[in-house]
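Asker: Line by line, the protein sequences give chains X and D.
Here the working numbering is used: the first residue of the first sequence is 1, the next is one more, and so on.
Here the working numbering is used: the first residue of the second sequence is 1, the next is one more, and so on.
A few of these clues could be false.
As the list claims (entries may be wrong) - Quick list of simulated restraints, FRET-style, between CB atoms:
1) X:H129 to D:S4: 21 to 29 Å
2) X:E165 to D:A172: 42 to 50 Å
3) D:Y15 to X:T132: 27 to 35 Å
4) X:D109 to D:A172: 23 to 31 Å
5) D:D193 to X:H129: 17 to 25 Å
6) X:G216 to D:G107: 25 to 33 Å
7) X:D219 to D:D193: 33 to 41 Å
Stated by the list, open to error - Which bits of chain X does chain D cover? Going by a derived footprint, with three or more residues having C-beta under 8 Å, they are:
8) 142-151
9) 199-213
Said to hold, decoys possible - If the Cβ cut is set under 10 Å, some of the chain D residues that face chain X in the computed set are:
10) T126
11) E127
12) I183
13) R186
14) S191
15) T266
16) V270
For the record, the hints were derived by calculation from the structure and aren't laboratory data.
All residues carry an ideal CB built from backbone N, CA and C; glycine is no exception.
Each chain is listed here by its residues.
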Amino acid sequence: MLRLEDLSVRFGGLTAVNTVSLSVGTHEVVGLVGPNGAGKTTLFNAVSGLVKPSSGRILFDSTDMLRTPLHRRARMGIGRTFQIPQPMHELTVRENLIVAQRFGTGAVDARKIDEVLEFTGLTDKAERHAATELALTELKALEVAKALATNPKLLMLDEVLAGLETNGKRRFMGMLKELHEKFAVGILIIEHDIETISNLCHRVAVLNFGELIADGTPDKVFRDPEVIKSYTGASDA
Amino acid sequence: MKMSKTGLAVIFAAYVLVPLLLGSNSYVMSLIVAAMIIGGIALAWALLGNLGGMVSFGHSAFFGVGAYVSAILTMKAGVPVLAAMLLGGVGAVVASLAMLPVLRLRGPYFALAILAYAHIFKILATEWTSVTGGSAGLASVPRFPTLMGFDLSSKTGSYLIVLSLLLVFIAAYRVIRSSHYGIALRAMHDSEDATRVVGVNSTLLKALMLFVSAFMTGVIGAFNVHYINFLEPDYAFSGLWVTLPIVAAIFGGYRTILGPLVGAVTVYLVDQLIFKNLIPSGHQLILGALLVAMIIFSPGGLMPLLRKGTRRKHAAA
């Protein structure tokens, strides 16, 4: 479904993503791990269109994404969340989803919005002001809900569990697992917690200094000496 | 669209009571019309600011282009005045196409770029003598027609035309603001990336708001030229056509629909009827002080202040 071919993103002299080739199949759950600054979020930004790759290709359902304007990528099925939640300011939770659905799918379906609200546990907060009246867990849930409202085929989750306390994390994990089944999406998830990744993902890709250093099943990847070396300095695992 | 009782009462008063009570006083009527012209530009300017998130110092370009297009169409092509007025709006939209490249600029950069455009159009109007009459301008631009025995070119007739235009603008603004486009535009203000990744084409939406705002301003410019029957570049593209509306919109509350109009009528009439008598020269000083006070005490402007007042009254009752 998603295929990156020799993707590089350079900011001036800094190479944030360096000739990365990676794929995510339909319905596949792939973890993207690596120390801070490894280029994970930059890779997300390149796929969703917020930054322009310096070289390489991004194919989504065999369509060249580099020729596809940012706003059309959501319509094609690419949904994402932001690490620091970015609710649409001035709007209520429901309006956030209406905008996402209307522009991400081309039509408004109130029933689907209710379904997404219920699934993400935001039904009670639907009429709240998104930017000012939500707690962190709810903001993270809204990130997922906005992406779901666009009816994605691929959901890119950027550290949705970070900053949540243990219980919140567990509930969120349950939601992500269920989401994968219920909405039939492929998932590419950035996460630091190795247990979470092992629990959730079919495959793991490891980035270090912008380069892909491993790609395989969690079992195999987390035993790879090079991965362990890159990880031990930077992670709490 | 729901309309409040107060709204209906105000519309009734504007259409019936104002002409009946003040129609014979042509000085007051001309002040009211002038205030409404500024109010119309203020509304269009605030629409671009409130929905599109863009601050424009160049609305005099749309005002001037609308005026020239309408005047030239009536004088050289014999187009009926009322139709030409709408085409003046279309002309302003065409002029705004030239500004599309600067839509990607933000904040002060957009404001300055669009100011530069306003000057380009002014130079064009001055130099393109064969069409625009150059710096000498155009004299005896056709007046509004007589419709079913009612002379629309009279003070009262012109007042009713501009009043109707403003009501249409208000209705259009309300429809746009409550549409999905309007909601997305509101969202774009502080969270542009978040809106774009869910599929909102932010550049297109901003462009549409620029077109709507340019159209409204162009129509007002065209109305004005048929109202005063005379046009020259320095007047048509004067910076006053943007500074006064900005003051009015900010004073009244640019994030509300009615604020800019209420601001224009309040600021202009109070200035002309009261301050001008108190201090014949330099009376704008008081306006400046009032604007500063408003920004300090109610940054949202007059409308939010009034609303807060009524809410407090309700709470006390």
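Asker: Does each hint hold? Answer for all of them.
Answerer: Hint check results:
1. X:H129 to D:S4: 21 to 29 Å: Holds - the Cβ-Cβ distance for H129 (chain X) and S4 (chain D), about 24 Å, lies within 21 to 29 Å.
2. X:E165 to D:A172: 42 to 50 Å: 49 Å Cβ-Cβ, so the 42 to 50 Å window holds.
3. D:Y15 to X:T132: 27 to 35 Å: At 41 Å between Cβs, range violated.
4. X:D109 to D:A172: 23 to 31 Å: 27 Å, holds
5. D:D193 to X:H129: 17 to 25 Å: 19 Å, holds
6. X:G216 to D:G107: 25 to 33 Å: Violated - the Cβ-Cβ distance for G216 (chain X) and G107 (chain D), about 48 Å, lies outside 25 to 33 Å.
7. X:D219 to D:D193: 33 to 41 Å: Since the Cβ atoms of D219 (chain X) and D193 (chain D) sit about 36 Å apart, the hinted range of 33 to 41 Å holds.
8. 142-151: Coverage by chain D holds for the stretch 142-151 of chain X (4 residues, Cβ < 8 Å).
9. 199-213: violated (count 0)
10. T126: 40 Å, violated
11. E127: Violated - the Cβ of E127 (chain D) stays beyond 10 Å from chain X, reaching only about 38 Å at its closest.
12. I183: It holds, given that the least Cβ distance between I183 (chain D) and chain X is near 5 Å, below 10 Å.
13. R186: Interface hint status for R186 (chain D): holds (5 Å vs cutoff 10 Å).
14. S191: 5 Å, holds
15. T266: Given a least distance of 27 Å, the restraint on T266 (chain D) is violated.
16. V270: 32 Å, violated
In this structure, the hints that do not hold are numbers 3, 6, 9, 10, 11, 15 and 16, in rising order.
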